[in-house]
Amino acid sequence: MKQTPKLDRIQRLMQPGVISKEGFLGNDTRKLADIIEDDQRLVASLGLTHEMIADVMEEITDAGRETFGSPKMVGKFLKVTVEGSMGKIASPFGGLYNKENITVLNIETNESITWTTLNIHMIRDHGFYQGKGSCYRIEPKNIAKIFKLKQMI
Amino acid sequence: MDINPIVIFFASISTSNIVLTNFLGMCSYLSISRDLKASWGLGQAVIFVMTTTTMLNFLVYKYILVPAGLEYLRYIVFIIIVAAFVQLIEMILERYMTNLYYALGIFLPLITVNCAILGVALFMVIREYTFLQSLAYGAGGGIGWALAIVALAGIREKVDETKIPKGLQGAGFALIVTGIMAMAFIGLSGIANIQ
Amino acid sequence: MAVLTTTTIITAIGVFLAGLLTLAERFLLNYGICKIVVNGEKTYEIKGGNHLLGSLQQHDIFIPSACGGRGTCGLCKVAVLEGGGPLLPTETPYLTAEEIENHFRLSCQVRVRNDLNILIPEELFSIREYHAKVIRIKDLTYDTKYLSLGLAEGETVDFVAGQYIQLMIPTYGKVKEEVYRAYSVASPQTLKTQIDLIIRRVPQGISTTYVFDYLKEGDSITFNGPYGDFFLRDNSREIIYIAGGSGLGPIKSMLHKMAEEGIDRKATFFFGCVSGKDLYFVDEMKEFEDRVPKFKFVPALSNPEANDGWQGETGLITEVVDRHIKEDGEYEAYLCGSPGMIDASIKVLKSKGIPEEHIFFDKF
Chain A
3 MKQTPKLDRI QRLMQPGVIS KEGFLGNDTR KLADIIEDDQ RLVASLGLTH
53 EMIADVMEEI TDAGRETFGS PKMVGKFLKV TVEGSMGKIA SPFGGLYNKE
103 NITVLNIETN ESITWTTLNI HMIRDHGFYQ GKGSCYRIEP KNIAKIFKLK
153 QMI
Chain B
25 MDINPIVIFF ASISTSNIVL TNFLGMCSYL SISRDLKASW GLGQAVIFVM
75 TTTTMLNFLV YKYILVPAGL EYLRYIVFII IVAAFVQLIE MILERYMTNL
125 YYALGIFLPL ITVNCAILGV ALFMVIREYT FLQSLAYGAG GGIGWALAIV
175 ALAGIREKVD ETKIPKGLQG AGFALIVTGI MAMAFIGLSG IANIQ
Chain C
6 MAVLTTTTII TAIGVFLAGL LTLAERFLLN YGICKIVVNG EKTYEIKGGN
56 HLLGSLQQHD IFIPSACGGR GTCGLCKVAV LEGGGPLLPT ETPYLTAEEI
106 ENHFRLSCQV RVRNDLNILI PEELFSIREY HAKVIRIKDL TYDTKYLSLG
156 LAEGETVDFV AGQYIQLMIP TYGKVKEEVY RAYSVASPQT LKTQIDLIIR
206 RVPQGISTTY VFDYLKEGDS ITFNGPYGDF FLRDNSREII YIAGGSGLGP
256 IKSMLHKMAE EGIDRKATFF FGCVSGKDLY FVDEMKEFED RVPKFKFVPA
306 LSNPEANDGW QGETGLITEV VDRHIKEDGE YEAYLCGSPG MIDASIKVLK
356 SKGIPEEHIF FDKF
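Protein chains in written order, with my numbering: chain A, 3 to 155; chain B, 25 to 219; chain C, 6 to 369.
Read the hints as simulated data drawn from the structure, not as lab findings. Just so you know, not all the hints are guaranteed correct.
Unchecked claim - Using C-beta positions, here's what the derived DEER-type ranges look like:
#, chain 1, residue 1, chain 2, residue 2, range
1, B, Pro-133, A, Asp-127, 22 to 32 Å
2, C, Glu-362, B, Gln-193, 46 to 56 Å
3, C, Ala-17, B, Ile-210, 37 to 47 Å
4, B, Phe-197, C, Gly-59, 37 to 47 Å
5, A, Ser-114, C, Arg-242, 40 to 50 Å
6, A, Glu-39, C, Ala-17, 46 to 56 Å
7, A, Leu-44, C, Thr-195, 19 to 29 Å
8, A, Lys-78, C, Glu-160, 44 to 54 Å
9, C, Glu-160, A, Leu-48, 53 to 63 Å
10, B, Lys-187, C, Thr-27, 49 to 59 Å
11, B, Lys-187, C, Gln-63, 48 to 58 Å
12, C, Thr-97, B, Lys-187, 51 to 61 Å
The beta-carbon is built from N, C-alpha and C at its ideal position, and this holds for glycine as well.
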């Protein structure tokens, strides 16, 4: 994939302090096109698509959102907390999204994973899982974990 | 070299087309040819830049560089003149043709490094053209480049609706089309030959 | 000698081209003074070349914008009837087909190159920029603060209870550009020399991190406003207030208004929190029960902890509301909280037969 001027513009919006305090890229110095392409390859090697991953994240988020911030058990093992803030956050790709922080705790293994509503949109529509070192990066190996979560619902 | 400027003009559009025979200026040729409107816009800009800079470069070369014995600096001087002119065009477009300005975006400054423009200026020196010949060559070269990119854009827009093998999508396919177009232009070689 | 001529000639060529470009810039990029006609009545003379958003700001017309003109929030829409030039690729993601039809543009992307004819909602004219000092920062809970801002000597602010302002967050740490964030005013509208805000920490938030970790009492801060059509409608319907987290702010301001004006409409305030550690202002709300004739405060915890010793309503705020209000009553509802809570509350209210046009909430 080639880094187009449009991706350049988007990558500038992903720098720290432009849309979010820490930015979307962490300490990743790769071009946005390469980040997306590398993750695309990893996701494909797991036999998944962005769509499938976003669907599961959305399903868990929707289930947890009903309780406005109190932890909710989804299935037997997952404690989901969806903390919504007021206001909207802009996506570097365009559009406004709710500010929601989703934490999923597997009470059996005590492993937890965190994402935001913006993450789901960026994965579904743009295949962007954030740069390495970003606090909201969804590592593909964690994606496999999410899929295990789904089976527990 | 005593060729009629009119012959040079038509030859540089067809048989000696700068893209299809010299394969110069490929970068923007490949990247902008996805959209017919934008490619025509860029084509116009290249026609203008190529004609004016070839004239200017000719004058600067003949009346400044040669008398001072500075022919070896022509690469730098030509590039500076082209760069300045592109800047000028950018300002003109921003003021009077805003739509085109945004459609071309980053590719407008890219004309600066469009090697077709430098190529035309250097060929003009190598072939020892006169002022009128250079003017004809510059204008013809620009029109030829525009013709080639508009033709390619037209073909690509049609081809977009068909299925292309994944590995050939984009630049790969554009290069194949360019090759076939180049062969088609050979068919015109009986008209005139200036190389 | 040869070196000298070479240098001279190259320099001469360079200087000539640079001069040409400077002249071109002078004449081509100089747009002179442009006239901006606003709503067909007011005319402003503005030096051309800059973006519309900033140009209007120089004339004290503040268009709401959360991103500070970077084209990421899509809030600064105005209708540009004439002279706006073509729609830019940076704008299209934020405009609906209907808005494009009605000539809406993002004012941060439109450059003033010639005379313009634009439409701006009338209420934006009362929006101004204010300079204030932080009088007090008080902790309400572990993640919520009460911020009091005092206006500069002689300045006053006119707003209607329920409206919001935009706080300007200066550059700090990695944040290299100013940003604006919206907060509802919690203080009474009659107190014109001070505004209070309730701010809850947003994880990784640019603005709340600044307020929580950098801002100190005595610091100067700038805000503009007021904005919004979230205010008490004048009628006799029974009022339902629903809020969660920092959403208590505008409701508090409305209660001040009801107390001061002696509004005796029946009103109930459902305040939803997760557990006791999120609950605040209980005493203040109880006080309003004495001051506002027919007001009742109903706090609810969805997940009370053992040491909260909670005696009040338990359950999700939507469940509590559902239990308390009658079917097909003459109600009017004012909501403030997270989008998730607002959406769920609207669903419950509608199921009780309250029409959409009687439900109000802020969309920012």
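Tested hints:
1. Evaluation of the 22 to 32 Å hint for Pro-133 (chain B) and Asp-127 (chain A) yields a pass: the beta carbon distance comes to about 30 Å.
2. Glu-362 (chain C) and Gln-193 (chain B) have their C-beta atoms about 52 Å apart, which keeps the hinted 46 to 56 Å range intact.
3. At roughly 45 Å, the beta carbons of Ala-17 (chain C) and Ile-210 (chain B) sit within the given window of 37 to 47 Å.
4. Range check, Phe-197 (chain B) to Gly-59 (chain C): Cβ separation about 45 Å, and the 37 to 47 Å hint holds.
5. Roughly 45 Å separates the CB atoms of Ser-114 (chain A) and Arg-242 (chain C), a value that falls within the hinted 40 to 50 Å.
6. As the Cβ distance of Glu-39 (chain A) to Ala-17 (chain C) is approximately 49 Å, the hint placing it in 46 to 56 Å holds.
7. Between Leu-44 (chain A) and Thr-195 (chain C) the Cβ separation comes to about 60 Å, which falls outside the hinted range of 19 to 29 Å.
8. Remark: the range hint 44 to 54 Å for Lys-78 (chain A) to Glu-160 (chain C) is contradicted by a beta-carbon distance near 59 Å.
9. The hinted range of 53 to 63 Å is satisfied by Glu-160 (chain C) and Leu-48 (chain A), whose Cβ atoms lie roughly 60 Å apart.
10. Taking 49 to 59 Å as the suggested C-beta distance range, the pair Lys-187 (chain B) and Thr-27 (chain C) conforms, at roughly 53 Å.
11. Taken as a hint, the range 48 to 58 Å holds for the pair Lys-187 (chain B) and Gln-63 (chain C), whose Cβ atoms sit roughly 55 Å apart.
12. One distance hint, 51 to 61 Å for the beta-carbon pair Thr-97 (chain C) and Lys-187 (chain B), is violated here, with the actual separation near 29 Å.
Checked against the numbered hints listed earlier, the structure breaks hints 7, 8, 12; every other hint is satisfied.
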